[in-house]
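So for the sequence shown, the numbering used here puts the first residue at 1; every next one is plus one.
These aren't lab readings, by the way, just hints derived from the structure by calculation.
All C-beta atoms in this analysis are idealised placements derived from N, C-alpha and C, irrespective of residue type, glycine included.
Mixed in with the good hints, there may be bad ones.
What the hints assert, rightly or not - Listed next, the in silico DSSO-like pairs over lysine-lysine satisfying Cα-Cα at most 30 angstroms (straight line):
(1) K5 x K49
(2) K8 x K35
(3) K35 x K9
(4) K48 x K5
(5) K49 x K8
(6) K35 x K5
(7) K49 x K35
What the hints assert, rightly or not - Here are the simulated distance ranges between beta carbons:
(8) K8 x L46: 33 to 39 angstroms
(9) K8 x S47: 30 to 36 angstroms
(10) H14 x E53: 15 to 21 angstroms
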Amino acid sequence: MRDWKINKKSNFIHYCPNETIDSISINEEPNFSDKFVITDCSSNILSKKINIENYSLIYASV
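Using the sequences and the accompanying hints, generate a full structural model.
See the structure below:
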């Protein structure tokens, strides 16, 4: 994540740690302390520990 190019003017980041269509999985937790981090945990909310302090909003859907 440290290599990601995040626009400094952004107020929030939408983060999806497990994208099932293309089988992309990101195992490290985000650390964007100056941004609101919104995460879609639909495919992994009950399968791994989540440090809720790293997120402003966590959601999941079916």
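So which of the earlier hints does this model not fit? none
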